[in-house]
Structures are given as C-alpha cells and as structure tokens.
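**Student:** Sequence:
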Amino acid sequence: MAPPEQDLTDKSTAEVLRELERKEGRKDAALELCRRGDRQHLPAIFVSVKRMTRGEAMRVLPAAVHFGADAERLFVEGLEARKSYLRQGCALALGALKATETTDALVKLLLEEPTDIWREVARSLGDIGRASVMSLAARIREAEPEGRERISLALAHVAAHGTRNPIEALAGGRDPAASACARRASSA
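Residue numbering for the sequence shown follows this note's numbering, starting at 2 and increasing by one per position.
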C-alpha cells in the first residue's frame, strides 16, 4: 500500500528539495515543485523521476508537462532512459506538448524501441500531428518491414487527428515504400 500523500504546500522550497532526495517523499516533493512552477528546479525533478517507481513517475511526468517548452529537452533526454516506463511517459508528454521540434527523436524511438511502448510513441507522434509526417516519411526507405508497420501506425494516428492531406500525398507519390506505408495508414 502506498504511503499517504504529504501536503508540502506550507514548506519552504529548501525543505521540499530535501524531500525530493528521500525515497518516501520524492513523488510528493516533485509534484509540489511542479505545482509551484519554478523552472529552475526542473533538472532536480527529472533526476528524481529517474529513481521513481512506475506509479510515481506516471504521476509526476504529466505534472511536468505544464512547464511547456522549458521541459522539452528533459523529456527528450528521457526518451533514452533505461526504464521503458520513463521512455513511455516522456514520449506521451512530448505528444501532449505537441513538441514539433522533437519529432525526429520520437521517430528514432518509434523505430528502435524493443518493448510494446512503441505503440504509445506512435500515438504521441499522432498527437503532434502534421509536423510528424515529414520525419516519419524520411525514415520509411531505410526501415525494416516491422519499422514500416510502426511508421504506418504513427501515420494512422496523425490521420486520426485530422491531418489527412500529407498522408494522402504520400500514398499517391512515386516512392513505392512510402506509398505502401501511407496506404496502410489510411486504411487503418
């Protein structure tokens, strides 16, 4: 059973940062720092997230999304985390932020991810939308058949978010691999 949540609203920032170092207090401290919105503590929050359990991290990563573009770099770094649930949470956060500048990193993870979280990465690329299409299309030719299926699913998520024109253009294009991927995405 999880320990009861701590109310840290009346604590000083120094006290909250000390709690961030304690196993029992790190989740609540990270959530409090996110609530306070002081961007200077973002690196400390992300260092702490790397030590958290799945349940703790899945509470803190969405709370860190409100930092917006200031957190993008840290979410991108999280795409290379050892723990799959951290990679997943960071990918979903980038999708929620519609972080267009991160599509290449997400496509790389989509193609290299050894676990089933690649499906969540595909969904994140769909959340980003139109900006994902070129990054996905650029990797079709070099992708193995499994990678092309992953790209097709990501394109299908993009289409489901209302961006059909660039996918239809790919489907009607001259590159047979890109055309096949886009047609699979359109039929999904």
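For the record, the hints were derived by calculation from the structure and aren't laboratory data. The C-beta atom is built at its ideal place from N, Cα and C for all residues, glycine as well. Please note: incorrect hints may appear among the correct ones.
Below, a list of computed lysine-lysine pairs in the DSS-like style, where the Cα atoms sit at most 27 Å apart [unchecked claim]:
1) Lys51 <-> Lys12
2) Lys84 <-> Lys109
3) Lys84 <-> Lys24
4) Lys99 <-> Lys51
5) Lys51 <-> Lys84
6) Lys99 <-> Lys84
7) Lys99 <-> Lys109
8) Lys51 <-> Lys24
9) Lys24 <-> Lys109
10) Lys12 <-> Lys24
Across the chosen pairs, the derived CB separations fall in these ranges [what the hints assert, rightly or not]:
11) Arg19 <-> Pro115: 31 to 41 Å
12) Lys24 <-> Ala189: 39 to 49 Å
13) Glu169 <-> Pro146: 20 to 30 Å
14) Arg131 <-> Asp8: 35 to 45 Å
15) Glu113 <-> Met59: 34 to 44 Å
16) Glu6 <-> Asp176: 45 to 55 Å
**Student:** Each hint needs a verdict: does it hold in this structure or not?
**Tutor:** The hints, checked one at a time:
no., hint, verdict
1, Lys51 <-> Lys12, "holds, 24 Å"
2, Lys84 <-> Lys109, "holds, 17 Å"
3, Lys84 <-> Lys24, "holds, 18 Å"
4, Lys99 <-> Lys51, "holds, 23 Å"
5, Lys51 <-> Lys84, "holds, 8 Å"
6, Lys99 <-> Lys84, "holds, 23 Å"
7, Lys99 <-> Lys109, "holds, 17 Å"
8, Lys51 <-> Lys24, "holds, 12 Å"
9, Lys24 <-> Lys109, "violated, 32 Å"
10, Lys12 <-> Lys24, "holds, 18 Å"
11, Arg19 <-> Pro115: 31 to 41 Å, "holds, 37 Å"
12, Lys24 <-> Ala189: 39 to 49 Å, "holds, 43 Å"
13, Glu169 <-> Pro146: 20 to 30 Å, "holds, 23 Å"
14, Arg131 <-> Asp8: 35 to 45 Å, "holds, 43 Å"
15, Glu113 <-> Met59: 34 to 44 Å, "violated, 22 Å"
16, Glu6 <-> Asp176: 45 to 55 Å, "holds, 53 Å"
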